[in-house]
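Got chain Z sorted already, so can you dock chain U onto it with the hints?
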Amino acid sequence: MTPNRGIDADFLDLPRHELADAALAAATAAGASHADLRIHRLSAETIQLRDGELETAVVSREVGLAVRVIVDGTWGFASHAELAPAVAAETARRAVDVATTLAMLNNERVELAPEPVYADAIWVSSYRVDPFDVPAAEKIAVLEDYSGRLLASTDAGVGIDHVSAALHAVKEQTFYADTFGSSITQQRVRVLPSLEAVTVDAAAGSFDSMRTLAPPMGRGWEVLAGDEVWNWSEELARLPALLAEKAKAPSVVAGTKDLVIDPTNLWLTIHESIGHATEYDRAIGYEAAYAGTSFATPDKLGTMRYGSPVMNVTADRTAEFGLASIGYDDEGVAAQCWDLVRDGIFVGYQLDRVFALRLGQLRSNGCSYADSPHHMPIQRMANVSLQPAPDEISTADLIGRVEDGIYVVGDKSWSIDMQRYNFQFTGQRFFRIRAGRLDGQLRDVAYQATTTDFWNSMEAVGGPSTYRLGGAFNCGKAQPGQVAAVSHGCPSALFRRVNVLNTRTEGGR
Amino acid sequence: MITAQHVVDLVLDEAAKLGGADETMVLVTDTVETTLRWAGNSMTTNGASVRRSITVISIARQPDSAHIGTVVSAEVDPRVIPSLVAASQDAARSAPEAGDAAPLLGGTGAPADWDAPVPGTGPLVFTDVADSLSRGFRGADRLYGFAHHSVSTTFLASSTGLRRRYTQPSGGVEINAKRGDASAWAGVGTADFVDVSTDSLLEQLSTRLGWAQRRVELPAGRYETVMPPSTVADMMIYLGWSMAGRAAQEGRSAFSAPGGGTRVGERLTDLPLTLFSDPMAPGLACMPFVAVSSSSETVSVFDNGMEIGQVEWIREGVINALAYPRASAAKFGAEVAVAADNMVMTGGSATQAEMIASTERGLLLTTLWYIRVVDPTTLLLTGLTRDGVYLIEDGEVTASANNFRFNESPLDLLRRTSEAGISEKTLPREWGDWATRAAMPSLRIPDFHMSSVSQAQ
Numbered sequence: 204m205t206p207n208r209g210i211d212a213d214f215l216d217l218p219r220h221e222l223a224d225a226a227l228a229a230a231t232a233a234g235a236s237h238a239d240l241r242i243h244r245l246s247a248e249t250i251q252l253r254d255g256e257l258e259t260a261v262v263s264r265e266v267g268l269a270v271r272v273i274v275d276g277t278w279g280f281a282s283h284a285e286l287a288p289a290v291a292a293e294t295a296r297r298a299v300d301v302a303t304t305l306a307m308l309n310n311e312r313v314e315l316a317p318e319p320v321y322a323d324a325i326w327v328s329s330y331r332v333d334p335f336d337v338p339a340a341e342k343i344a345v346l347e348d349y350s351g352r353l354l355a356s357t358d359a360g361v362g363i364d365h366v367s368a369a370l371h372a373v374k375e376q377t378f379y380a381d382t383f384g385s386s387i388t389q390q391r392v393r394v395l396p397s398l399e400a401v402t403v404d405a406a407a408g409s410f411d412s413m414r415t416l417a418p419p420m421g422r423g424w425e426v427l428a429g430d431e432v433w434n435w436s437e438e439l440a441r442l443p444a445l446l447a448e449k450a451k452a453p454s455v456v457a458g459t460k461d462l463v464i465d466p467t468n469l470w471l472t473i474h475e476s477i478g479h480a481t482e483y484d485r486a487i488g489y490e491a492a493y494a495g496t497s498f499a500t501p502d503k504l505g506t507m508r509y510g511s512p513v514m515n516v517t518a519d520r521t522a523e524f525g526l527a528s529i530g531y532d533d534e535g536v537a538a539q540c541w542d543l544v545r546d547g548i549f550v551g552y553q554l555d556r557v558f559a560l561r562l563g564q565l566r567s568n569g570c571s572y573a574d575s576p577h578h579m580p581i582q583r584m585a586n587v588s589l590q591p592a593p594d595e596i597s598t599a600d601l602i603g604r605v606e607d608g609i610y611v612v613g614d615k616s617w618s619i620d621m622q623r624y625n626f627q628f629t630g631q632r633f634f635r636i637r638a639g640r641l642d643g644q645l646r647d648v649a650y651q652a653t654t655t656d657f658w659n660s661m662e663a664v665g666g667p668s669t670y671r672l673g674g675a676f677n678c679g680k681a682q683p684g685q686v687a688a689v690s691h692g693c694p695s696a697l698f699r700r701v702n703v704l705n706t707r708t709e710g711g712r
Numbered sequence: 162m163i164t165a166q167h168v169v170d171l172v173l174d175e176a177a178k179l180g181g182a183d184e185t186m187v188l189v190t191d192t193v194e195t196t197l198r199w200a201g202n203s204m205t206t207n208g209a210s211v212r213r214s215i216t217v218i219s220i221a222r223q224p225d226s227a228h229i230g231t232v233v234s235a236e237v238d239p240r241v242i243p244s245l246v247a248a249s250q251d252a253a254r255s256a257p258e259a260g261d262a263a264p265l266l267g268g269t270g271a272p273a274d275w276d277a278p279v280p281g282t283g284p285l286v287f288t289d290v291a292d293s294l295s296r297g298f299r300g301a302d303r304l305y306g307f308a309h310h311s312v313s314t315t316f317l318a319s320s321t322g323l324r325r326r327y328t329q330p331s332g333g334v335e336i337n338a339k340r341g342d343a344s345a346w347a348g349v350g351t352a353d354f355v356d357v358s359t360d361s362l363l364e365q366l367s368t369r370l371g372w373a374q375r376r377v378e379l380p381a382g383r384y385e386t387v388m389p390p391s392t393v394a395d396m397m398i399y400l401g402w403s404m405a406g407r408a409a410q411e412g413r414s415a416f417s418a419p420g421g422g423t424r425v426g427e428r429l430t431d432l433p434l435t436l437f438s439d440p441m442a443p444g445l446a447c448m449p450f451v452a453v454s455s456s457s458e459t460v461s462v463f464d465n466g467m468e469i470g471q472v473e474w475i476r477e478g479v480i481n482a483l484a485y486p487r488a489s490a491a492k493f494g495a496e497v498a499v500a501a502d503n504m505v506m507t508g509g510s511a512t513q514a515e516m517i518a519s520t521e522r523g524l525l526l527t528t529l530w531y532i533r534v535v536d537p538t539t540l541l542l543t544g545l546t547r548d549g550v551y552l553i554e555d556g557e558v559t560a561s562a563n564n565f566r567f568n569e570s571p572l573d574l575l576r577r578t579s580e581a582g583i584s585e586k587t588l589p590r591e592w593g594d595w596a597t598r599a600a601m602p603s604l605r606i607p608d609f610h611m612s613s614v615s616q617a618q
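Chains as they are written, first to last, in my numbering: chain Z, 204 to 712; chain U, 162 to 618.
No wet-lab data here; the hints were simulated from the structure.
Listed next, with one range per pair, are the computed distances between beta-carbon atoms:
| # | chain 1 | residue 1 | chain 2 | residue 2 | range |
| --- | --- | --- | --- | --- | --- |
| 1 | Z | D607 | U | P443 | 56 to 62 Å |
| 2 | U | P443 | Z | T500 | 43 to 49 Å |
| 3 | U | R376 | Z | I210 | 53 to 59 Å |
| 4 | U | D608 | Z | A355 | 42 to 48 Å |
| 5 | U | S579 | Z | S597 | 53 to 59 Å |
| 6 | Z | F676 | U | G371 | 39 to 45 Å |
| 7 | Z | A344 | U | S579 | 51 to 57 Å |
| 8 | Z | D224 | U | T164 | 25 to 31 Å |
| 9 | U | S244 | Z | A344 | 21 to 27 Å |
| 10 | Z | R700 | U | L379 | 20 to 26 Å |
| 11 | Z | D542 | U | S358 | 45 to 51 Å |
| 12 | Z | A355 | U | Q223 | 22 to 28 Å |
Cut-off 35 Å, straight-line C-alpha distance, at most; resulting in silico cross-link-like pairs (DSBU-like, lysine-lysine):
| # | chain 1 | residue 1 | chain 2 | residue 2 |
| --- | --- | --- | --- | --- |
| 13 | Z | K342 | U | K178 |
| 14 | U | K492 | Z | K615 |
| 15 | Z | K615 | Z | K503 |
| 16 | U | K492 | Z | K342 |
| 17 | Z | K615 | Z | K451 |
| 18 | U | K492 | Z | K451 |
| 19 | Z | K615 | Z | K342 |
| 20 | U | K586 | Z | K615 |
Beyond 10 Å from chain Z on every Cβ pair, some chain U residues (computed):
| # | residue |
| --- | --- |
| 21 | H167 |
| 22 | A301 |
| 23 | D353 |
| 24 | W372 |
| 25 | A446 |
Glycine included, C-beta positions come from ideal geometry on N, C-alpha and C.
Just chain Z, with the same shape it has in the complex (with noise of 0.2 Å):
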């Protein structure tokens, strides 16, 4: 465990409670039923380098109150970027007339599921180095070093070209109180690395690229700063060398084989094909317009095979350093952890107190979450994960098992389609496996199946010590259009007769 860190003072200066005094007092006194104040501040870091060169450094700090009412069983949501008593009153009136403007519209009663109250609560992630305390000359300077390493290296004669590194750093803190008498303030950390080497092959006009693996975490600056909390020394080192194998790899002859899918890349396939499909909200059409639906209905709830026997996924908002993990959520729900999968059933959902009432639950199990003040919260996805085996399977096992296959490691593209039936990924490097050893990397590999295919084709779980935590920082969904952060813990896998296809096929070459 990294010991917590305390709230930044000067977010604990600013007036939370006057402010949600005079939201909450104006919003009953205009009719609200129920009323909730949210002071959202986001600070983050962008810095982006090319070839080694600085080429953007950005510091950009979001604040703003954001009042959430119903009126008469109607939602009103209102913000403002000002955080003043008098504007918090008046922009929780403006959420009223908002909900009484729209209110002909509304034919679904608003209701929220009971929650304990909590006064005065705090919660702060777990991250050692706040990267807003580090100077950004030191950021760019440990960039500048890891991009130098890469560019100076000629591992098998095939150069490293070009290199883009990135940094990515947020610091998100709340204040959050409601009309039950909950008042809450968090502070979560952030970072998202990340490094990309070109092989250029000039004449014949193309080029390969391979990134780090490098996961976003919810952890500050000792991510990059050294090699304890991820071995940046090696990764750099062996990457050229890797890179110049791939961009000299045959082409992979498309068709049926055996994937052992590596936690670098299987998390974005959770992400997508368990992550989203399992957001109730998704599955009772309210992102039908936009994001999509789910083919995991209600209806099927408890009694539909999802996948393998070994398959077990569990949503956690509590696991530590993932970018999902919160104290409490956007609407005052403590985190907690559950089964969405269990033994290969299809057996939870992600709700917020609204559609835990819908769904006919007791209690929301804490996934509402709005990624800006002027963004109303909605049911987002919690750190979603597959559960290793509780024997030690090695990723080397499951590779020994393995006649003909490919071991796909790294995420690249994706795309699925909205039910979250058919998807389809790459990745970053794609070894082949030959009578259960690896020989050498393929090219041009991707592999696309249907979902629940794909989740039953799974025949072998590794253990605990294969279990990685991969993420994003942009999943996308909602309109207006929100991003959130969330980590997808899993081992590696084992899945028989999955379809590969030859990307330079697929174009027609």
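Only chain U this time, still in chain Z's reference frame:
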């Protein structure tokens, strides 16, 4: 909340007082937005927001280099301005050399409307939409969708005397209608909702749902396909995003030519198709000058305030231009070219109805979804058809068909297209969050590659 113009003055005054930078730029954008969303014939979420973004860019000049520090804040309390300016100047002094350095543009004088109040919007803009929806909600079809309207006013100023202002209205309505297992989509982009007829959208949807009374299951394969404007927009927008000149020059782009250099000059099609961006495009007007907070391969903060003109990226079927900010253009000996926030393709003359009528057997798509790059060397994209694939037989739409996953490159689509329709305003489905201003033709592709069947409906 003090006015945006006042913020500009405070920032520049503070920068001069602190004296920690040689030049300063400030961007202030005030945005008012209202939204309405519905699902299953009932409103789900809504909102009205007021927000501000302040960007302070400090530049420290050395004899042979420039160093830049950028801080962006949504804080509206004027007491934070000194710390924003100080942070920006501190960042500039400690930053390594900026690779895209160029002289700042000089003074233009304040435009006539500089001091005018910032316009806004509110939920009343949806009055007609709500009336139509309310009637639609009482019908047999299930309706889902989103309406939004925002008005953003940007003020750009610099210590070199630059003063520019622009107000950008953006909006749109999109509706997904379901009848049984059939699903259809229609959407429009708009600046002010005056030109939006929600009733007309609902009629279009009803027609398309009627086409789905007969359903056929089709296998994966290559099909003659009529791509309507929304689908062409989604593919061409990605093409436009991929036209960075530097990447092409360095050999790491689909626009890199074998043997070095770029593909500028390469003919893609004999059809007279021209793809361009133009801030003055009728009905698609957008910011006519550069106003960015960060640099990339295609834009530079040093170019802030520079006029954005019409750029023909593809002219009469030939790749004609790639994107270069000033510094990059100078480095590679290319013309400066910056994309406006819209995209137009012209060059066809047929109506979509005529294209359907002249199709013996083929597919008519509605929208594309979840488009991602698979192979950047060829710009191969994957994605899915969504909310309406229709079978055309003997010149008429005769049935709806299942959805497909496709693997196609927009470059290859242009190379293979056999007919283009008239250009019309359209709302891209996939990229509509970022790109609501587009006008595209329908395209006929003789052999569109449907890689596999999607069960999604």
